[in-house]
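Student: Each chain is listed here by its residues.
Number of protein chains: 2
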Amino acid sequence: MSANLSIFTPVQEDIEAVERLIRAQADGHHSDISAALNILLASGGKRIRPSVTLLAGQMLGAEKETLITMAAAIELLHTATLVHDDLIDNSLLRRGVPTLNSKWSPAATVLTGDFLFACAARLASETDSISAMKLFSKTLSIIVNGEITQLLSGKCKISRENYYQRIYAKTASLFETSAWSAALISPTGPQQAEKLRRYGYNIGIAFQIVDDILDFTGNQATIGKPVGNDLRQGLITLPVLNYIERHHDNPDAQFLIEGNCPKDEEQVQRLIDAITNSSAIDSSYREANQYVQQAVDNLQELPESPERTSLQNLSYYITERRI
Amino acid sequence: MSANLSIFTPVQEDIEAVERLIRAQADGHHSDISAALNILLASGGKRIRPSVTLLAGQMLGAEKETLITMAAAIELLHTATLVHDDLIDNSLLRRGVPTLNSKWSPAATVLTGDFLFACAARLASETDSISAMKLFSKTLSIIVNGEITQLLSGKCKISRENYYQRIYAKTASLFETSAWSAALISPTGPQQAEKLRRYGYNIGIAFQIVDDILDFTGNQATIGKPVGNDLRQGLITLPVLNYIERHHDNPDAQFLIEGNCPKDEEQVQRLIDAITNSSAIDSSYREANQYVQQAVDNLQELPESPERTSLQNLSYYITERRI
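Protein sequence lines, in the order shown, are assigned to chains A and B.
Per the numbering used here, the very first residue in the first sequence carries number 132; after that it's consecutive.
Per the numbering used here, the very first residue in the second sequence carries number 132; after that it's consecutive.
For the record, the hints were derived by calculation from the structure and aren't laboratory data.
Be aware that a few hints might be false.
A pair holds if it fits inside one copy or across any two, identical chains being indistinguishable in the list.
What the hints assert, rightly or not - Listed next, the in silico DSS-like pairs over lysine-lysine satisfying Cα-Cα at most 25 Å (straight line):
| # | residue 1 | residue 2 |
| --- | --- | --- |
| 1 | 234 | 286 |
| 2 | 394 | 269 |
| 3 | 234 | 269 |
| 4 | 177 | 301 |
| 5 | 286 | 195 |
| 6 | 234 | 265 |
| 7 | 177 | 288 |
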């Protein structure tokens, strides 16, 4: 992976402060809470969302402590949704690391997720920004509503509109908030805030598209779940949509177009092979790149700075990542 | 039950507005969300918490719409915690009405609870009061932390301190916030706010003590769960504490004092009979009444008004209720 670590250089120390603030949420609580936070932080990936907040806020002159608090709230909200998601999906691994629900009882997992929601809300309120708080709670609504819709709606829906609504709720909304909230706590106007909102939205959409591609092309060991997992669960993602749009004649594609879910593992495997070897992967990457380009375009009118360069590089990094 | 319905007269219309606002949270969402909200509202009891908010805020001249929004946030937060609680305890009935988790999958129940948290946080942010929002998110932390502590700590702890900490987190914290938040969004000073905070705290403690008494003396049909349920689950409440303090010589009391949970249903039944027929019930009511008296005392310096009379009557009502 060509992860350009220098992307995070302007905010490296602040990311560490964010992690310390997250760990401090367990202070004074049951020792198992502290253990849970450590498990979650250890498996928590690259902290892209809080980095976006920190980079954007630093670029616009936000007050340091407020910015770190907001970034920690964002990461905790993200973590809280993952904890409940993994429980609901009964996922045993995330990024190859055992999930909380694989070790803990459902009761403890539900409450740990709730605890993280509570901490996130409390940190967001500590920024003393009404607009950031409103955005924060609205984002939580969008994410949860998306999960409920996904759970309660029929599976295997062949619809681009449905797909984009889903990935907005699931991923892009929080990326949008990561960037936008930084503007809301900075000494800047609505125009720059809107640019940052669009930047966050676009990298968020690109991020999820790439996630959905990696579900087909990734290596089971690195993505931590079996290849084609989404399709197996009845989740139609962009590579599938792009494949069936160009292969109406294929019997398996036709089967999905008729509104069915794959009937058995054999059909899932045939579809995975067909999709992976088709142009659907490339065309999905092209679609992701269009969003990346829009993200970068929205940065142009923001102050030239090392942070802006990092935000730009971060956009490109999203379509290059392999895990 | 001598429920004095006139207690709620000064805010009757506003309570209906609160319920409409809660129902409106489902607008634009999946129809099952609407169904869930209706189930929850139908089984939701007497709306004591939002009534406290409305009465206190109206007494202090809070802006009507803001007050209704805050009251709805309070009731939604309460409902959200009940949804996750019932799931965790695997409770099939609440007040004799089937719980959400008795009808829905665990996944749908977890997400419905999350949705209610999200709505509650969003409504709280719509009051535009930083201090009310901070209080709100802190209360959520206290409630969830209490639940985690209860889940992860050992059962059958014989400790008054432990008991009072538990009922503060579980119940009194939200009553405290119901009253206090009304002051925070009213044109009043910190002194009246503190009086209201104490009022809410004290009625909350009394409310939970009475709940714990009713767990012994209540009728299974009206409380919607078997008598002595807390003790059966390893939860030591005030009637138990008051009983064993006066009956060290009783072998069953001695068994608990040694740190054990009841060893079988026979012992549970013996303890229930002994406690119910002892002075432990009366002394627990006396303890609850002391908190009620403190609540009433804290009302004295607040503006004389129909609302203050209702808040006072509400305090007395708490120890008189039988469900």
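Student: Could you run down the list of hints and mark each one as holding or not?
Tutor: These are the hints, each one checked on the structure:
| no. | hint | result |
| --- | --- | --- |
| 1 | 234 <-> 286 | between (29 Å within a copy, 21 Å between copies) |
| 2 | 394 <-> 269 | neither (38 Å within a copy, 48 Å between copies) |
| 3 | 234 <-> 269 | neither (31 Å within a copy, 28 Å between copies) |
| 4 | 177 <-> 301 | within (18 Å within a copy, 36 Å between copies) |
| 5 | 286 <-> 195 | neither (45 Å within a copy, 44 Å between copies) |
| 6 | 234 <-> 265 | neither (35 Å within a copy, 33 Å between copies) |
| 7 | 177 <-> 288 | neither (32 Å within a copy, 42 Å between copies) |
Checked against the numbered hints above, the structure breaks hints 2, 3, 5, 6 and 7 and satisfies the rest.
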